Structures are given as structure tokens and as C-alpha cells.
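Student: Here are the chains, one letter per residue:
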Amino acid sequence: MNAFGLAPLLLIFPVIGVLFNGLVGRKFVEADREIGEKWTGWFGTIMAFSAFAVAVSLFFSLQANGHHAEVVHLFDWINIPSAGFHVPWAMRIDTLSVTMMLVVTGVGSLIHIYAIGYMHGDKDFSRFFAYLNLFLFFMLILVSGSSYLMLFVGWEGVGLCSFLLIGFWFSFVDKNGVWKNANAARKAFVVNRIGDFGIVLAVILTFWAFGSLEFDVVFETALEMFKSKEPLLLFGQEVAFGSVVTAITALFLLGATGKSAQIPLYVWLPDAMAGPTPVSALIHAATMVTSGIYLIVRSNTLFEMARLSVGSELLFGVISTPDLVALVGASTALLAGLIAFTQFDIKGVLAYSTVSQLGFMIAAVGMGAYVAGMFHLMMHAFFKALLFMSAGSVIHGMEHGHHHLHDHDDDDFDPQDMRTMGGLRNRMNITSVVYIIGALALAGIVPLAGFWSKDEILAHASANDGGIFTAVYVMLVIAAISTAFYMGRQLKMVFFGEPRHAAAAHAEESSNLMTYPLIALAALAIVGGLANLPHFAAEHGAEAGGFSYLALEHWLEHSLHAFELTEEHVLHMPHTPIQIQWSVAIISTILAVGSISLAFFVIYKDTSKANSAPDPLQKTPIWWTSVLPLNTLYMDYFIPAFNRMAKWVAISLDWVFWHDFVHNRLVRDMFVTFAAFTSSVLDQKGVDGIVNGVASTTRRLSGFLRQTESGYVRSYALSIFMGAVLLVIYFMFATAG
Amino acid sequence: MESNQFNVILTLLVFFPLIGALLILFLKQMGHESDELVKRVATAVSAIALGIAVIVLFMFDKNIPGLQLVDKGDWIPLWGISYYLGVDGLSILMLLLTGFISLLAIISSWKTITEQVPQYYAFMLLLQAGMTGVFLAQDLFLFYVFWEFTLIPMYFLIGIWGGQQRVYASIKFFLYTMAGSLLMLLGILYIGTTADTFSLTALIAGREAFADVQNWLFLGFAIAFAIKVPVFPFHSWLPDAHTQAPTAGSIVLAGVLLKMGTYGFLRFNIPLFPQAAIKYAPMIAVLAIIGIIYGAIVSFAQTDMKKLVAYSSISHLGFVMLGIFSLNEAGIEGAILQGVNHGLSTGALFFAVGLIYERRHTREMKEFGGIWRAMPLYSVLTLIVVLSSMGLPGLNGFVGEFTILLGSMGSPVLGPVFTAFATTGVILAAVYLLWMFQRVFMGPLDNPKNMILEKISKRELFIMLAFLIFIFWIGIAPSGYFGLMDSTVASLVQSIGLP
Amino acid sequence: MSEITINSYVILSTILFVIGALGVLLRRNAIIVFMSIEMMLNAANLLFVAFSRHLGNLDGQVLVFFVITVAAAEVAVGLALIVAIFRTKKSIDIDTLNLMKG
Amino acid sequence: MGNSFVFMLLAVIAVGSAIGMLVSRDAVHSALFLVLNFITIAVFYVVLNAPFLAMVQVTVYAGAIMVLFMFVIMLLGAERLRGMWGDRPSELVFAAFLGFLLVVTFLIALVMEGKTAVSANMIDSSPVALGLRLFEGYVFPFEVVGILLLSAMVGVVILTISNKRGKNV
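Chains as they are written, first to last, in numbering that gives the first Met the number 0: chain A, 0 to 736; chain B, 0 to 498; chain C, 0 to 101; chain D, 0 to 168.
It should be emphasised that the hints constitute simulated quantities derived from the structure, not laboratory data.
It should be emphasised that the depicted structure is a prediction, and the values quoted were computed from it without experimental measurement.
Check before you lean on any hint, since a few could be wrong.
Only pairs whose alpha carbons sit at most 20 Å apart, straight line, appear in this in silico SDA-like list of lysine to any residue [to be verified]: (1) Lys365/B x Pro639/A; (2) Lys88/C x Met73/D; (3) Lys61/B x Gly83/A.
Next up, chain A with everything else stripped away, as it sits in the complex (with noise of 0.2 Å):
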């Protein structure tokens, strides 16, 4: 069977849902809410499982097909036909995109069912649902475009949703007075567009240098290049192909920072939480801040062209673009893990996880291992969502037991914090299964999802010798055990213990809407190995006992160019090893298990402490990570030296000075006081010698006038007849003489 023709309608189902929650889910809601909720909530839940349906039955097609990629035409966009510049809409469906789409659409799907449950009484509840189905339009336009353009195009798009769903309760101010939520949207925007300016200038180098956008066209000629060995003809110069490849996928990396959030642009995520928790699940932990490393992997050609650049043409002369990707995503997996420690926001710690998370992703595409890189993706978005989505449950629980509570006396009472909650395991019991479940896998513990994802990112960078590996390797170790540590604190302090906080203690679990999903997504963690696992013995069999190990890695292997090439020998990638590495698995479960019990029984023995007892971890060197990094920097110094440079051109600069002094007193004065000077010399008997400029000078002049205007027709006549007179008489003497 054969459905690729199915394709576009990946893209109009969510674009319904958006016209239908937009334009009337508003009045089903206000009509009557609790039917009006059900409408809109569940039509957009069905559109986008119906977008799930379309890209399983993608999956099929692509099986039946031999997994050969097809791109499917939509209708130009862009076409300049003098300047040979030509982008159509088209999707291409390959194995890499179809993964992509099913990991959207399906934890996409799962998250609206939580999210009617979430966002029950809601008064905007018809908007966010519209939102959340644009940004599943969007999402699937970024992974499912056929060129670079339009892969921006979702870029931008989801984006824009990230920002309307951040902001989407702008209303809301805190204590302080500050507009957190509205702040946080634009911050993630503006961040993001940081990362825009690469992409854009990556896209416009990529036309230029491969003469198209169009990703097979852009490898095919690159690799024509790479095989030439000649160098390019460039904006009217020479340029070694290998300097062109390193400065494109530079600027990739940079908008790859920007969206999923590394050093040094990771820090709109962690602000980015202020959105309703679906939101946090969905698009800041399982999709969008991912496709950074879809970039990368889509890209992955270029990649390791760049990586065998050599001498001058590496970036600054010292290191590659994909070392430099794996030495990124590794150092922000470290300093996000650290972090983790330092938080109280339920919400917080799993934001600076996901931070984290998303570095092991980079480091893991950094090193080649886009396969491993890939798996990991998978993975983290059904634990993290999981995760995300638990939080919701036990805020949700959280404010319950609050409003349950007849003395509204703490105001401050904050349902987000850590240190209010502890014992929730009595009171909701399936969020707290289904969220040990999560915290385990994303500990890394077997044979949970995260562990073989983990694992096989480790036993990659351990696997390869010299370079940045052995760096990358002891910064991912790291990074892993402060993962199981953080995760064991947060168990800890949330579900364990005695509650520490009357809200905590009338806490309730939330409803089926909310927690099926989360059962589900809880399956996912734990059985998601089994999509990579690796051999456990020596041979390399493909098949062994009907089940085919490794099934992503020859899954995804038809859409890596770079594979390809490496059996043609003509890149020469690091190798993952194929078959599990005892030491790294047994030596990273042995470090997970022990920090999760330090963690568990250790420095959190005590859980018992009033809600305002300081941390144990407060003194210690760890914790100074929260205030070291550069969300201080950006907020404290270049934000505020930014505004007092922008005040002091809009005001100083161009206003007083150019519009003001310039334009107003300069010109206008110089003017005037010629004028003035003209009328002084001209006019001796002047009233008063100086006279103020040409205005009064013209208004004495037009006074003098006025005395012969006396408005009598016959003066105006006498006049006239005047000028007659004196006419005829210079034409009778002129002629005459």
C-alpha cells in the first residue's frame, strides 16, 4: 500500500482543528462549557491523532517501499526565475522525517487528552487548543519540509507557538509585579531569533555555495564537491570547500542552541515553564526544543564533510563544527545537571533536566552517533513528557488540597514548590507510580527506556579514542549521575516523607483524562528500549529469535547520508559500537543506583524539616552553580546595557541631537539668522537693527503690501490701468524708436 498521497493531509488535519478551536471553539465554550469543552477539547485531540494516523500509515508506505524517501509536491512558494532561485512547498517523507512525525503526533496526541483534563475550566480553554494544533502544524511542517526554507519555516513557526503558549497566560502578574508569563514569551522569542540569525545566514550560504535548497539536491552537490577536493567559486573568490561546510554548519549549531536550549542560549527554557504544564510537556521537553538536533541530523552530511576539514578551514583554525556541537551539548548536559540541584520549582528541576537531557542529544549528534542521538530523542520525549505531565498532575493535586483548605491565611502558598509537598505517595497514587516510573528511566536504570538510550550515547563516546571524546565521555558521566541524583532529591522530597504542608497533606488525585495518558506514556518509558536495543553477544546477526535488534539504527540508516559514505570510504565516522559495552552500561548503572540512593537516603534523610529549613546542599560548592551561569549575565548586564543604549540613541541621539539640535536649532537657526543677517544689511532703517529672521521680515514686507490691498475694485483697477499705460507707452517708444 502505498500512501503518500496521504501526506498533505499530516498538515490540514492540525489546520483544521486550528480554524475550527479558533474561529468557533470560543463561542462552543461560552455557550456551554462543560459540552463546549468536550467539543473543542476532543476535536482537536482527534485531529491530532488523526495526524498520528496519517504518519503511521507513512510508516507502512515507507516499509513497503524499501524505505526509499519520497517527496511529495505541495505548490511553489518562491520561485525567481532570473536569479534561479526556486523553493516550492513539498514534504519529504524519508525514514528520518516519518520517526519525527510519529514521535509528534503521538506524544502530541497523548498530551491533548491530558490537556482537556488540565485545562478544565479554563476561560481561554478553545484558544490554547487552537494553539496547540497550530504548533502541531507547524512541527510537522519542520520535520516533514523538503528544504532548508522550509524546514525554517516550522523553525519560526513553532516558534511563534512556543511564544503564544508561553504567554498564553499574559494576564498573569506575580507577586512582584513583574509580567512573568508575557516576560518568559518574549524571552524565548527574542532568544530564539538569536539563533535565527544563524539559520538564516546558514540557509542563504547553503543556496549560494550548492545552488539549491533542496536537501537531496544540497548533499548530492556537496558531495560532488567533497569528492572534487576542488575549491569553490564563491561570491567571486576562492573558497576551500572545507572552510564553506565549517562556516554553514557553525551557523547551524547556532540556531541549533538557540531551539534546544544549550550554552549559551539555553537560557529562555528554564523561564519558558511559566506556560500551562501540557505546554512545558509538549514543546519544551518532547518536540520542539528537539529539532535542534534534528537539524543537526538532517544535516548530518555536512557535518562530517566538516569534520574532516583540516588546518585553516576548522573553525578558528583549532577545532571542527561537530566537536564543537559534542563538546557543547556535553558541558550544557553538565552545568544543566548541576543545576538541577540548586532548584525548589517542581517544574524547575525538570526544566533544567530537559537542558540537560538535550545536551546528551547534541553531544551524542556532535559525535556521529546520530542514530544514538536520535533513540535518545525518542525516548526522552516519552519519559519527559511523562514526567511534565506527573508534575501537572501533583500541581494540579496540589492546589486542590489547597482550595480544600477553609483559611486562605498564606497568601504566598506556592503549588509549584518543592518544599510544601513530600508523603504525595498516599494521597495520589498513579501520578506517583507513573512518575518513579519516569524518574527511573531518566535515571537510567534497567531496563527502562532512558538506560539503553543513555547507554548507547556513553559506550559511543567511550568506544572512540582521542579528539574530544574522552572529554565528552567524563562530562556525560558526570551529567548522568547528577541526573539520578537530582531525580532521587525531587522523589524524595515530593512523594516520600511526611507532608510538610497542609495543602500537601488534602492533596488529590487529578482525573482519568489526566492520568491515562500519563499510564500510557509510563508503558512507553518503560518498553521504549526495545526500539535500539543492542546485541548482547558477539555475533552480528540482524535477526535472532524474530526480533530484530537495532531496529531504529537500520530504520534510520536509509535517510543518513553519511553512512552511506562511509561505506563508500569515503568519510570516515567515528563507529557506534553494535553490540552493548558491559563496562559503560554496568559502571553508569552502578553510579545512577548509587546516586539515587544518596541522593534518597542520604542527604535527604530528613524530609520531615518545616518547609523553610535550608537545603543540605546549600553550603556546598554545587550550589553556586544557580547564580554562576549566563541567564545572570544576560539579565543583569547585557539586557539592561542594551536598554540604556537603545534609550540613549532613541533620546539622546536621535531625537536631541539629530531631529532636535540638528534638524530644529542647527538648520532652522542658521537659516534664520541669514535671513536675519540679510534683512539688517538690506534694511537700514530697520525697526530695531536686528530683526528675527526671515519670518518677521516677510511678515513686515507682506504688512507694506497689505496697506495697497484695500480690497476697493477700483483701486485694484487704477492699478491696472496703470500698468496699461505704461505698457502702451514703452510699446509706442520702443516700437516707435
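Chains B, C and D: place on chain A using the hints.
Tutor: Same frame as chain A, but now just chains B, C and D:
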């Protein structure tokens, strides 16, 4: 001399609004004091003029690079001045934009203008006629006449129906632009007397005749156009004119009048003085980039919404200038389209600001906040316009900006460094536009005056939707627009003679 | 007395013309101003006819014919104007018509 | 070009009646002086071999136009508007001076010309000849004048038509 040709459609296009203006004044003279009738007549006349422009579009053959539908006859044969109208790929979009923006501007003033109504609409129609003439004139002298003619109605529109400091703003606008165009007049007279003709096609064919002084001539024309655009540092009249003009005046000013400057560069500077254009291109591109960044930074620090939008024009037109002086197909086509985009986006932004100004009689951003709660539909529409102005892919602004950036990087006279600096404008656009959007539309609805705002009316909705249709259309399927200008631009670029 | 030449007619018509002009310039009664204008026209007509005779050419007479026609039209309109002015101003003193006063 | 005695006689009457018109305090008197003046000029036309024009002069000017004048004077009661001379003596002096200057200029010009012009022979100036001349060379102006008359007629009607409220003189 070329032979005379008669094709009355373009003449009709120019003079139809003029007849409409006379009709309105005649109605007033006849004592029909009813403003309703005047509004209807003005709207109908403008709509018919737009209809004629659309007919021109259908008669237009996009495969012909040269002038089409030419209407040509002697005017002052003694000095080689002719009445010479024609349309080609450079002007066809501008014609449609003029008709479209003028019509919407007229509709947008139905409720806002209550005093001296007949004169107001007469001036609007005169302005439309003048602008159409500017885009059609193919004779330097005729062009100059139309060029100056547009100043007069705009002067009165600002000076009579403007804000508090309207007299100051209108005089500044008038003198500033007038001073610039005097240099152009000198250039025109020099060229015309040297070559004994003012016909543009003849002059381009014989441009070698004044090749030795073309640097001076280029500067004379360039300053006139640069003031109109405005290119940094000639922008000082713009914030005054925009903040003081009535809403419809701002829409037309930003939508069409500024495009006359960029159009002038394309129509005259580049084909007449190609060597000078190549020589000065990097300098102008630097000014354009300064304009992009400077305009954005200054916008960011504004507290008055309309002033913010006005300064953003400087930034956006910087992109247009950059595209023009890329001197290649992508850059110039992007610049023309971006001109249209700026007309639509900024026109719509001015309309949106005017809409809320009508309700609150203030434009200070600190007076607002949480408008989304009070006027949800209006806010969503404005958001789309803001996004289009920011260059969100899928909307019109992106197509233009991207094409310009593409052109500037591949340009034989510019290069990647220019592109890199210009692209920072994309970041800054997000900074200042989102700042405005956040201050006005997001946040809590805590000012009691904002809680009782009247919802958007059907007429206002119509205008916004009219803008949005094109914002989406150009964003999603701009090929047709590029197709209209492609052959003309290709031949223009070829005539520059760069490798 | 010698034969009268064209010169005499020139002088005569000039005198008539000047008298008419003085009437226009000095009288305030709008009707008399109009009569003076007619006088000036007649002076011109006289000269036309005189030259027509002098040059042996009928064109001068044709022109007089036109002048008379135009004068008739002018008088009709002018008098109508006077009537209209009188209605509003209750006067035909042209010095009361000084709205143009600067 | 006529007998000098006849010329002098007619010239005196013409100038005298003109001055009479100028100085009369009563508009009716002025009008009558003007009629006299017109008739004198009609006689001049006869002398100058333009009998048809003389007839036109009498019927149109002395007849139609002057009747119109009288009619308006009677209608407005303007004959009572006496003493309407300008109240600015300087203007009077200046205008008189200018008039004098004009006359003197012509005199000087004629004197400087010096030659005594010889007149051409009499030509046929019958209405037939005049009409032929008119329609040979002046068809277009003739049409224009026709339109002018028509529009003057319309204009007069518009100007004098009483407005809706029936405000009448």
C-alpha cells in the same frame, strides 16, 4: 524621437481620481452638504481606480521586459518634453499597491474625519492621482511634476487634519522633501538640456552622453530619493510627519509615498547611471544597514506606539535599499516585493494603532496593557500583522526579507559581511515589535479605561482582513508576484553590465 | 479745413477711452462703472471702424461685430451681478465690496 | 474720411456727452448721455462707410443695452444714488494724470510718426459683403461667440433666479 502611441488606459488610471476630486468639490459647490454622499463618491472613485489598475494588470504581459500600454504624445516639443506614460515590471505592483492602499485609507477615514469632509476626500483622491502618475511617468519632466504634485495634498492632509503639532510637521515634511527634490530638478534639467529630450527610454539608450558627470547626477537624484525613502541619516522628518498625520495619511505615507523613493532609485538611478550605481552601491548599502539597526534600536526605546511604527519603517526600508543595491535579480525583486510588503504590514500597523487611538485618544504604551482581554479579535489580527512585520516565515515579510538577504550575499558588489549585519535586523525586529505587543496587548487588563473599549467594528474588520489576505497570499504563494517583475528586473540587471 | 485723417480718429477714440477709464476708476456707482466700460468698448470700436475704412479692409468691421456681441453678453451678466449684489448688500456702491481687503 | 467740419462737430458731441455721462450725479442722466454718445458714434460709422454697423450700433447699443441699463436703474431705484464719487482725491488726481498721459502719448507717437497716411479707396461694405467676410474667415469665432451668448444667458438666469425661500428684491 520615438513615435507617439496612444493607449488611453493609463491616462484614465491617472486622471480618474482627479476627476473624482473635482466631482467632490463640485458636489460641495452645488450645496450637497451631506458628508455621507461625499464619502460614498470618494470610495467609489477610489475603488474604480483600483479596478482600472486591476484591468491594467490583466492587460499586462509579464513576459515583455520593456514598457507596455504606452500612452505618449508631445507636451512641450520645443524642449523635448513629452506626455509619456507606461508600465513595466518595476511599476505594475506599485500601481496596484497605490490603488489598494488608497482605497483602504479612504475607507479607514469614514468615521475619523468629521471636519471639512469634502476637502479631505478631494485631497486623498488628488494624492492617489499624483502617486499613480509618479509610478507611470516615463518622462523625467512629467515625473518631476507628479513627484512634486504628491507633496501638496499630503501637506494639507497633515496640516489640516493632523495632530497637535501638525503645522510644524507638515512644513518640515514639505521643506525637507522639497529641498531634496530641487537637487533632482537640477539633475533633470541638466540631463534634459544636454540630451534634448526628457524621455526616459531615449535617455537610457543615450546614457553615454552624460557618463562623465554621472557621479554628480547620481548623487543629485539619490539625495532626493533617499530623503523620501528615508535612508539614514535623512529620516528626521519621518517621525514628525507620521505622528502628526491622521491615520489614513500615515497609511498612505508609509504604504506608498515612501516607495516612491525606492522606486525612483530603480527607475532612474540604476538604469541612467549604472557605473555610478556600482561605485556607490557599497556606501548606500552601509547606510541601509545602519538604517536597519539604528531604526530598530530607536524603535525599541519609543513609548509612543505610532512613533515606534514610524521608526520601524526606517529599519524596513533599510532592507529595501539593501536589496536594490545588491544589483542582482534576487536582491532587486526582493526589494520590490518588500516594498509592497512594507506597505501592507506597516499600513496595517498604522491602521491598528489608529484604531485604538480612536478609542482611547492616546498612543502611550504605558496607558495600555491586557488589550487582548478587552478586544480579542483585534489583538489576534494585530498579532498577525506584527508577525508579518517581524518577518515570520509563511507571512509576506519573510519572503521579501529573505530574498533581499539572499541577493545581498550573492551580490557582486556586496557580500556576506553585509548580509550578516543586515540579518541582525531580524533579531532586533523581534525585540521591538514584541516589546510593543507585550506592553499593549499582554499583561493584566488593569486600566479601567481599557475595560470598556468598543469591539472592532465590521468596517475596521474589513480593512484588517483586506490587509491580511495579501499578507498571507504573498507569504504563501509569492511566485506570481515575482513573475510579474522577473523579466523587467532581469533586463535591468543585464543593462547594468556587472559580471 | 483739411481732410480728416486716421490720426484724428486715433486721438478721438483715445479721449473717449480715457473718459471711460476715468469713469471706471472714479465713480462708485456700479451702474455708471458699467456704462463707462461700454464707453471704452465703443471707443475701441470706433477705432476699428476707422482703420477698416483707412485700410480698405472689412476685417475691422467684423471685429466690431464681435465686440458688440460680447459687450451685449457682458452687460447682461454684469447687470445680473449688480442685481444680485444689490440683493445682498442693499447697495451698489462698489466700495462696499471690499472683502479682498488684506 | 469725412469732412473735417462734420468730424469736429461729431467729436465735440461725442466727447461732451461722454463727459456728461462721467460727471452726472444722476444715473438716469448718465444713461441718457451715453445714449447720445452711442448715437454719435453710429453717425461716425456711417461716415466711415459702415452703414450696417451703424444700424447695429443704434439697435443693439442705443436700443437694447441702454434699455437694459435703464431697466436696472429703475428696478434698483439707483437713480437716487447721488454723489457717488470716490472719496480719495489722490486717486482722482492720479487717474486723471494717467489718462492725460495716455492721450499725450498717442499724440506724441502720432507726431513722431510724422507722415500723413493716405486712406484706401472705398470698398463694398454692404451687409452682404460683411456677411460673406464673416462666414469666410470667422466661422469658428462666430460659433464661439454664439456659445458665449448662450452661456451668458444661462448665467444671467442662474444669477438672478430667486432662491428657494422666495427672498425677492
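Student: Each hint should be assessed against the structure and marked as holding or not.
Tutor: Structure-based check of all given hints:
Pair hint Lys365/B plus Pro639/A holds up; C-alpha atoms about 19 Å apart against a cutoff of 20 Å. In summary, the hint linking Lys88/C to Met73/D is supported, as the alpha carbons are separated by about 17 Å, within the 20 Å threshold. Using a Cα cut-off of 20 Å, the hinted pair Lys61/B and Gly83/A holds, with the two alpha carbons roughly 17 Å apart.
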